[in-house]
Amino acid sequence: MTGSLRKGPVVQRKYYDFMCRLSAITAAEYFSPMENVMALNTMKEGHDGSGLGLVLRDLGGDFAELKSLPILSGIASDAGLRELDNFMYAQGFEEVHMWQPNIDSRAPEPETGRRDHYFAKAYDYPKAVKNRSQAEKEDLLLGVRLALRVMGEDDESIFAFSFYPDTVTLKEVGDPLELGQFFRLDDGSLEARIILAQGRQNTNYDIYLYACHPFFLQGYCTMTNGENTAFVPIMEFLTSRGFPGYLGYNSDSEVFAHILHYTQRQLNYPLTYYKDVITPLAEKEIDGRKESEALRLIRRSLRPLCIDGPNCIIGFTPDGSVFMVQDAKKLRPGIVGGAPGKYALMSEECGLDEAVSQRDKTEDFSPMKYDMAIIKPGATELKKWNQLTN
Amino acid sequence: MDPATRLDANHELSLREFPYIIRWRDDRCTRCGRCTAVCPVNAIEPAPHVHRRVFSEGGLPNPKAEREIVHVVKQVTDIDRYCTGCGTCTLVCPNEAIEPELNPQNKFLTYKNKGGVPFRRGGRRNDPTASTVDQLKFTRISMLTDPALDAGRHEFRIRTLLGRNLPPEALPLKRRGDRLVVGKTRERGQAESGHIAHGFIPPVREIYPIRIGSMSIGALSPHMWEGLAMGVAYLNEIEGMPVVMCTGEGGMPPRLLKSRFAKYFILQIASGYFGWDEIVHAIPEMTEDPAAIEIKYGQGAKPGDGGLLMAYKVLKLIAQIRGVPEFVDLASPPTHQTKYSIEEAVAKMIQSMSMAWGFRVPVYPKISGTKTAMAVLNNLARNPYAGALCIDGEDGGTGAAYNVSMDKMGHPIASNIRDCYLDLVAQGKQNELPLIAAGGMGKTGNLAANAAAMIMLGASAVDMGKHIMQAAAWCFGDEYNRCNLCNTGRCPRGITTQDPKLYRRLDPDKVAERVVEVFKSADVELRKIFAPLGRSTELPIGMSDALGVADPAIAKRLNISYVC
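Residue numbers (numbering that gives the first Met the number 0), protein chains in the order written: chain A, 0 to 389; chain B, 0 to 563.
If we strip away everything but chain A, and leave its shape as in the complex, we get:
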């Protein structure tokens, strides 16, 4: 297929992610995203096999030696790619490496047809910004990604999913296993130590790739199984923070990633406070915590970021921690298991059996309403953190 995928203006709608299944793996060694896809496939009864979203972090394969360079992941039409390349050149970014999937032409094509270009391009920073701080570089990368998004949004000639060092994003419509075969995800060119995968496109309305999670922003990433009923007030609060990356919101799940970004990067809170922000304790429960004074202030000041509805959230932070949290009533499934060196965080136990079959099952952990499961960077340890007792 050439040209744009869909003519006419994009209808901005909110998508709900209630039928997804989630598959996250983190390991000390590089592994293939196909492992996530195979785990997703075991949970197929729980998702409709309508799509695949992948975010890979701490990359091996082609990118193992390019860790410090920003990687732009996306999809483009022929015209879109030309426009993109011209733009990047004009911005002073020098393309160092381009990964493209080694597409298996015998495998079934994606439901919406094969796109012209799936790519992950590593760039060298423009000379003028090479010596700038990490934060300044991150803001520059964000600005470029948003500019590309605007350029290709109307005619869908460009989808820019992420532009950040050591990170690749891939999203497409269709059955996850078929897509894995189509992209030949097991060819060794794309590997990572942290991979988040989600097995569903939002099929409530017309399929739209920007509504597909996992969502990534400046090193922070989440994916969700659920419905965030508090979406509108949260979105309004985030967009009113004045941070340029807080936009999009084609899915109600995107705010989970941005809340993570806001609390961790902008407010510099420790990771466990993510749980305290999205599902705050009641006033009386706060009394049992050592830092009750601080928690009370946080609960009040960040009240609009309290989530609601059934949601299981899996995410990672720039330091390589991977976590799972549940909504305040624990209305969605979610299980964590493995051993030091490799852990998996899945919607269902069958996914865990596929991804880390050799684990001690008695150590499996299903986070409940007050819990947060955190896999330490490098998959060294599973930390069970309880909101009530810590």
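Keep in mind that the hints are not guaranteed to be accurate.
Per the computed footprint, the stretches of chain B lying under chain A, defined by three or more beta-carbons under 8 Å from a beta-carbon of chain A, are [unchecked claim]:
| hint | segment |
| --- | --- |
| 1 | 164-170 |
| 2 | 381-389 |
| 3 | 532-544 |
Computed list of lysine to any residue pairs in SDA-like fashion (alpha-carbon distance at most 20 Å, straight line) [as the list claims (entries may be wrong)]:
| hint | chain 1 | residue 1 | chain 2 | residue 2 |
| --- | --- | --- | --- | --- |
| 4 | A | Lys328 | B | Ile140 |
| 5 | A | Lys329 | B | Arg156 |
| 6 | B | Lys315 | B | Thr487 |
I should point out that these hints are in silico values taken from the structure, not numbers from a laboratory. Every residue gets a Cβ at the ideal spot worked out from N, C-alpha and C, and that includes glycine.
Keeping the supplied structure of chain A fixed, place chain B upon it in accordance with the hints.
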């Protein structure tokens, strides 16, 4: 000879001019006299009628006529004694022989200005049409997208915050390892803020999102006020619902002020400062801080107009609480006499009141609904000591006002709150300054639905006044000008009177019981609204995607969805 004007009664009003016409049934009436005795305005009176009766006795027709005197209950046509339609006569009649009937063709307002005095009354805006708030529906139901919550089984946190919340960027938090602690100095990179500069963390209360709005002791009878206060204390201490009520202007009994119950009350200061001498003197002996201080600048029912407690309501108790002599008119001016500008006087007043309680009590202004609300809002948003903004819409009630003020002045609450909320959103301050919506909550009995709709438009809490008077004390008033005698001190239910003969009719225990019932049932209804929307963890403030309305103009104005 009588002049023609008397013979043909040409300068008198006919009953058709009156808003209510008494339907009296001769065949049922036992002439017990209860109705004429109880009528608060003497609109009916016993009267002799001369009837000509034709009868025949014997086997053959032999008609004879005789005159007889019959006692009837007669409605007077004196405009000062117009039937208010309260229906107290019906209430006391043992035989259902009497009933006022609304006369929609009345020309009451045309004539109710005798002596050049316009019609004054209590009550609410006489507009029975559904308010905008009442037209809003909750149209975003989670069923298959999300298993709906169970209103009866799941935990719901129906609470709100009263007081100013610091922006997250300005919280004085320090990171100590994996924990955050409250630090005294600003962390590097933390936003500059007046709050931090002063090391001031504003006081915040967690309260129930439906409050009892400001109705003064003085406007209300002792039994009514006592019943409300008892109900509120019960809700807090037995039911665990942190309901608060506002005193209105006029203080509160010093013994209560010094008691542990003081924390359930919001003390109001208004332009007359009534009761504040007593309050200020009680501060050293207070064992609990009040819930908040409300500075009243305006009232939705009578925007820009002052208050007046008539001399005959100022009995010994009221005089003592307010610190004034007995039996004098107590006028609250339309504006605070010290007020020069919002920047100067309002800020000063907020700070003075904050200082009186050591900055431990939220202080906020209440204004009447107005197109200029956003100017006030933005001023408060920049004032780190302002704890909230309460806006009282045109459907608010009052104990006494000119009819024209009530019927024609003011601003509907829905768009006023929505505009203010969206203005705060644009500035990122929607969580900093809570908006409290008042005026017409529960106008048609849908208290919980009205409260939920206002919350989803952006209010943090709502106030009710008339609804609790009706629900807890059987107030007769409605939007057809029924009763509305609050200003006369002749309230037939004993709610707004200082006449012991009248307020003894009202049992404070029963009022308290009804207050509890009203809040408990509203709480169940709020769960029944929030559960299908999938909201239970926090109050759905600003959850405008849940709202729909079948009027495209309203939908557009409020930025919610149009449904049909």
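Here's how the hints hold up against the structure:
no.: 1; hint: 164-170; in the structure: holds (count 6)
no.: 2; hint: 381-389; in the structure: violated (count 0)
no.: 3; hint: 532-544; in the structure: holds (count 12)
no.: 4; hint: Lys328/A / Ile140/B; in the structure: 19 Å, holds
no.: 5; hint: Lys329/A / Arg156/B; in the structure: 16 Å, holds
no.: 6; hint: Lys315/B / Thr487/B; in the structure: 18 Å, holds
The structure fails hint 2 only (numbered hints given earlier).
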